[in-house]
Amino acid sequence: MNPVNYLYLAALLFTIGATGVLIRRNAIVVFMCIELMLNACNLAFVVFSRMHGNLDGQIIAFFTMVVAAAEVVVGLAIIVSLFRSRHSASVDDASLMKL
Amino acid sequence: MTANLAAYSTSTGEAVQFWVLGTVAVIGALCTVFMRKAVHSALCLAGTMIVLAVFYLANGAYFLGIVQVVVYTGAIMMLFLFVVMLVGVTAADSLKETIKGQRWLALLCGLGFGILLFAGIGNASVQDFDGLAKANANGNVEGLAALIFTKYVFAFEITGALLITATIGAMVLTHRERTERARTQRELSEQRVREGKHVPPLPAPGVYARHNAVDIAGLLPDGTPSELTVSKTLRDRGQIRDVSADALKDLKALEQRAEERLERTKPEEASK
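Top to bottom, those sequences are chains Y and A.
Residue numbers are given in numbering that gives the first Met the number 0: position 18 of the first sequence equals residue 17, and the series is strictly consecutive.
Residue numbers are given in numbering that gives the first Met the number 0: position 115 of the second sequence equals residue 114, and the series is strictly consecutive.
Derived by calculation from the structure, the hints in this document are not laboratory data.
There's no promise every hint is true.
Which bits of chain Y does chain A cover? Going by a derived footprint, with three or more residues having C-beta under 8 Å, they are [said to hold, decoys possible]:
(1) 3-15
(2) 41-48
(3) 52-62
(4) 67-80
Straight-line Cα separation of at most 20 Å, DMTMM-like style, residue types lysine to aspartate or glutamate; simulated pairs [claimed, not checked]:
(5) K251/A <-> D221/A
(6) K251/A <-> E262/A
(7) K150/A <-> D55/Y
(8) K133/A <-> E70/Y
Label-pair restraints from in silico Cβ distances [claimed, not checked]:
(9) Y7/Y <-> L106/A: 34 to 42 Å
(10) K231/A <-> Y7/Y: 41 to 49 Å
(11) A244/A <-> Y7/Y: 46 to 54 Å
Just so it is clear, the structure is predicted and the values come from calculations on it, not from any experiment.
Just so you know, even glycine gets a beta-carbon here, dropped at the ideal spot from N, CA and C.
Only chain A is shown next, with the shape it has when bound in the complex (with noise of 0.2 Å):
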């Protein structure tokens, strides 16, 4: 009787974890489609692998589970934080839609899509379970290992040649010949003489009062914060903090103690 109802439906632990943990993994694919920054996407598909990594030790796949921690987010989501880092900068999402009506469109494509899996997982018959426990009795590396090399040898001999072809693919893809000298620093600066742009060096940035970290932008004359003087980096990343205004808030607030200090009152109070 236990062993019959074992094939039909899994432990009460398992289905706490996998109720708990599969909201924990779409909250994360959602996240991952959802948020505005190429970070926070890849932290959240990270969170969702590793569930996923959790649901194949629980389904008996215990090589696989480890591989996906170690492969997808060990290696994979570290090179895509690398790319992310070395080019999602400025790679916020614009909302301007150039189609019109394509994220409802989308959307509704996807519910329709989802739709139709569902509706197909529902109508096949997969009421019975027959359980890993045979085939995993001489563990499951083994087991893997023993399909690998002799049914599916083949296969891993392609996976191989792709792996190799992947490798010196992004080689090529990457790689850049220098084809022309650098330019050493006196060509550089005749050019920017010959230009007449920026002869000096660019202005230091937070050069106003008690500010001088690199994130605050250097201010005019006339108060507004100067946009050259914060790195590329930062201004694309919107990372600038304007502190003009805070100053001349400061500046407001003291004059207003010192007021109260001479005891005089304001002059529109004095007239009414």
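Next comes chain Y alone, as it looks inside the complex (with noise of 0.2 Å):
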């Protein structure tokens, strides 16, 4: 097996995070497939960093992991802060900035 095949994996990863993106309307759940997003972007990164002979991918994909963690607890409170405003999670309903 070549190791591209991850290259694919990660890419197929990326499609379904993307889709579902689009596809769900509940705040979470979106939420959740933008980290599928990442994950499969940081898989790729660390395939690379294979290809190339050093750690250059790893270190960008390690950056990536502590920006998704801010972004994770910042949208979260977003979320949550949302949801006592409004009593739902739905992004269908949040097409206003004001209440």
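Assembly of the complex is requested from the two constituent chains, each provided in isolation within its own frame, with the hints serving as guidance.
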């Protein structure tokens, strides 16, 4: 097996995540799909790191993880505060910035 | 020859692992997108992430593999589950489409995007693999540390600023200042009387015959279950058990048995 198959897997996971973001209306599930896309990117970075024989790709993947953690914290806080004011986690309901 | 071959392909064990776990990862990702309940989506995503951690380990990223398990499946997915428990109880996805045909268009877009990505990878010349043997010679963690604290030290410091900002942001977003005094029990009861609805306490659940579990609605005099008797959380989750039909069925069976015992025949059979 050529390790390029990992890249195909990463592309497939990214596509599934992107489709999920378009299809789902529950804000939490949309967020999970975004996490899936980030993970797919990380896999691609790790495989690229192996391809090129240096660790720079892994460093980028590491930074992606840190950014993803920060993003999840802020995003979930936004979802919780939105839910408090609207009593719904559907992205369709949140069409206006104001309440 | 062997070293040359190693640059182009992986061991059979890794190939088997890739095809087995890759299938699991794709199934987990699909379940994340297509499961109705947010909790199921979160669990499927956690499975996919664990599989990805194994792939990182297989690709020589030992540090990232462990970080993936600890940070992603350990911390981030727990945070997701926490918020799902807090918020997602009522958040069942409605299947009504707000934009007509949006779902099919989204699937089409996804398909097109996937084809684009696959074609891009297929056209790239990625036959030659260097492998991480040399880069990992002094240990994976040591190699990463040497890079982070020299070449990427500025990005690393920015990351610290980002984490602090995210922490403060989360605190600001979720913290709610109590601007007014909490109302006392007396004031609440006075308000109830003034509004004139539900002046006495709410009716208790499951007061009917044999059942006294909290998820069973109490029955009104006409035999229909009363939604008011069950906790709002259970109502929103749809976890109310309706025993009104059960009771009638039991009664019917009992009557039939009694009739059989008394050797009476049913009126419609007697009239035939």
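### Task
List in ascending order the numbers of the hints, as given earlier, that are violated by the structure.
Numbers 8, 9 - these are the hints that the structure violates, sorted from lowest upward.
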